Amino acid sequence: MEIYLEITETTQCAVWEQTQGFSSPSTRFQGYINLLALSAFVPWLQEAWEVQPNANTNFNQLIWEIVNGTVITIEDKRLVLIPTSTIDTPEIRVPQEWVDISSWIGDYYLGVQVNIEQAVIKIWGYTSHLQVKQQGNYNSGDRTYSLDAQFLNRDISLLWITHQLCPTSVTKSVVDSLPDLPLAQVDDLLQTLGNPNLAFPRRAVPFSSWAALLENEAWIQRLCQLRLGLADQ
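Counting in my numbering, the sequence shown runs from 1 upward without gaps.
Be a bit skeptical, because a hint or two may be false.
Said to hold, decoys possible - Subject to a maximum C-alpha distance of 20 Å in a straight line, what follows is the list of computed EDC-like cross-link-like pairs (lysine to aspartate or glutamate):
#1 Lys133 with Glu75
#2 Lys77 with Glu50
#3 Lys122 with Glu6
#4 Lys122 with Asp100
#5 Lys133 with Asp176
#6 Lys172 with Glu75
#7 Lys172 with Glu215
#8 Lys77 with Asp155
#9 Lys133 with Asp148
#10 Lys133 with Asp100
#11 Lys122 with Glu91
#12 Lys172 with Asp148
#13 Lys77 with Asp100
#14 Lys172 with Asp76
#15 Lys122 with Asp148
#16 Lys122 with Glu2
#17 Lys122 with Glu47
#18 Lys172 with Asp100
#19 Lys122 with Asp155
#20 Lys77 with Glu215
#21 Lys77 with Glu47
#22 Lys122 with Glu9
Everything labelled a hint here was simulated from the structure, so no lab data went into it. Small disclaimer: the values here were computed from a predicted structure and weren't measured.
Just need the whole structure built from these sequences, with the hints factored in.
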């Protein structure tokens, strides 16, 4: 079944305050809906599945400046929440970074609808990395993989049951390796993509270069510092 989680006005206000530091209104809103989803979903996981999920807060809050999605680790499985504020959910659209960067790949991707007006978050379906690669459509314009809602499993409880009964089941596909970036190229990329006036840095350079940059967490941090005007810290 789909999961409906309420978000209180207090939580909305607190999350909005926590997302003031982003470089633009669009990235702030991206951070806002991701943090709302995370704030609601983690307590539900702890109660419903009796697990202690690990949400790498520092990593997640960094990447919301540049890409949509939130990663949560439970035991050896990675769940990636893909939130949207749109009312209709005919498909899940997973940014390419979560699918084609080996260190980012999730075992499962969860579609999350954040309805701010009704103060409700709906976890409406999930799919595996293997299924996204095999059945998803790649969209070069916005660098996402889309998978029609009919192919997603709507019963979220089955995800954990499947993991418990079949812990070795294959959830991931093999992805291509990324190039090693010379430090001079890294510096050039950081200077170009770190400009906060560049609205869509993830689409400004070839994906192979962008993805290779994001495989290094220190470079991600440097990129976001530049975009946030924190380069000297």
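Against the structure, the hints:
no.	hint	in the structure
1	Lys133 with Glu75	violated, 23 Å
2	Lys77 with Glu50	holds, 15 Å
3	Lys122 with Glu6	holds, 9 Å
4	Lys122 with Asp100	violated, 26 Å
5	Lys133 with Asp176	holds, 12 Å
6	Lys172 with Glu75	holds, 16 Å
7	Lys172 with Glu215	holds, 18 Å
8	Lys77 with Asp155	holds, 18 Å
9	Lys133 with Asp148	holds, 13 Å
10	Lys133 with Asp100	holds, 9 Å
11	Lys122 with Glu91	holds, 14 Å
12	Lys172 with Asp148	holds, 19 Å
13	Lys77 with Asp100	holds, 17 Å
14	Lys172 with Asp76	holds, 13 Å
15	Lys122 with Asp148	holds, 17 Å
16	Lys122 with Glu2	holds, 7 Å
17	Lys122 with Glu47	holds, 17 Å
18	Lys172 with Asp100	holds, 11 Å
19	Lys122 with Asp155	holds, 12 Å
20	Lys77 with Glu215	holds, 19 Å
21	Lys77 with Glu47	holds, 18 Å
22	Lys122 with Glu9	holds, 17 Å
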